[in-house]
Amino acid sequence: GENVEQHPSTLSVQEGDSAVIKCTYSDSASNYFPWYKQELGKRPQLIIDIRSNVGEKKDQRIAVTLNKTAKHFSLHITETQPEDSAVYFCAATEAGGSYIPTFGRGTSLIVHP
Amino acid sequence: DTEVTQTPKHLVMGMTNKKSLKCEQHMGHRAMYWYKQKAKKPPELMFVYSYEKLSINESVPSRFSPECPNSSLLNLHLHALQPEDSALYLCASSQDAGMNTEAFFGQGTRLTVV
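Residue numbers (this note's numbering), protein chains in the order written: chain A, 1 to 113; chain B, 1 to 114.
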């Protein structure tokens, strides 16, 4: 099955700095890579996703890059704000079967005002 | 309507109790999921229903019993739970379990077993 590694487990930045979270996956057939943000006590919510036919996707301050050859993808948040503080989970799905995302272990992002 | 609604939000139950968690979505999604999430950990998949049929059971103990009465509803029946089953139980749905599309999560039921 798919194995997703996520780093770092904790990331502390100052407001206005950039934050980068990295994930690697094991199944080269995976073709969909969503990122979820989970605030304390709340549900995971999709913030951005990327499919294997695209190398980069951007949505305002958030961007995701995918390197299929190296089997890694990254989340980039620019101009961080205190409300970006949350746990971020990357996920990868095995193609050809059910959409069952395998989650990374999560990154706790803390943005200091 | 892009909501997945879970009830109750909080549940405290004894080890001999029987209770049920409920999940509802009206997005026309044909895949629904139960996840268990411990503090500071990622969601762990428990069950997947695809077109109202159980398609995946991730070796979950029989004290957890899922049920899908129709395409909009998903239940999780609980019986004889252990304190270590205390966790946040998340329901999710997606358009189709065979397609790679976004999963929408409910707010979760925070379960405490005493």
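Any given hint could be a false lead.
To be verified - Label-pair distances were calculated between CB atoms; the ranges are:
1. B:10 x A:78: 19 to 27 angstroms
2. B:28 x A:78: 16 to 24 angstroms
3. B:77 x A:83: 35 to 43 angstroms
4. B:44 x A:41: 14 to 22 angstroms
Stated by the list, open to error - Derived DSBU-like pairs (lysine-lysine); straight-line CA-CA distance at most 30 angstroms:
5. B:53 x A:71
6. B:19 x B:41
7. B:18 x B:36
8. B:40 x A:42
9. A:57 x A:71
10. B:9 x B:38
11. A:57 x B:40
12. A:42 x B:19
13. A:71 x B:19
14. B:36 x A:22
15. B:40 x A:68
16. A:57 x B:18
17. A:68 x B:9
18. B:18 x A:68
19. B:19 x A:58
20. A:22 x B:19
Keep in mind the hints are simulated off the structure, nothing from the lab.
Since the model is a prediction, treat every value here as computed from it, not as a measurement.
Note that beta-carbon positions come from the ideal geometry of N, C-alpha and C, so glycine has one too.
Enumerated hints in conflict with the structure, sorted upward: Hint check: 1, 2, 5, 13, 16, 17, 18, 19 and 20 fail, others pass.
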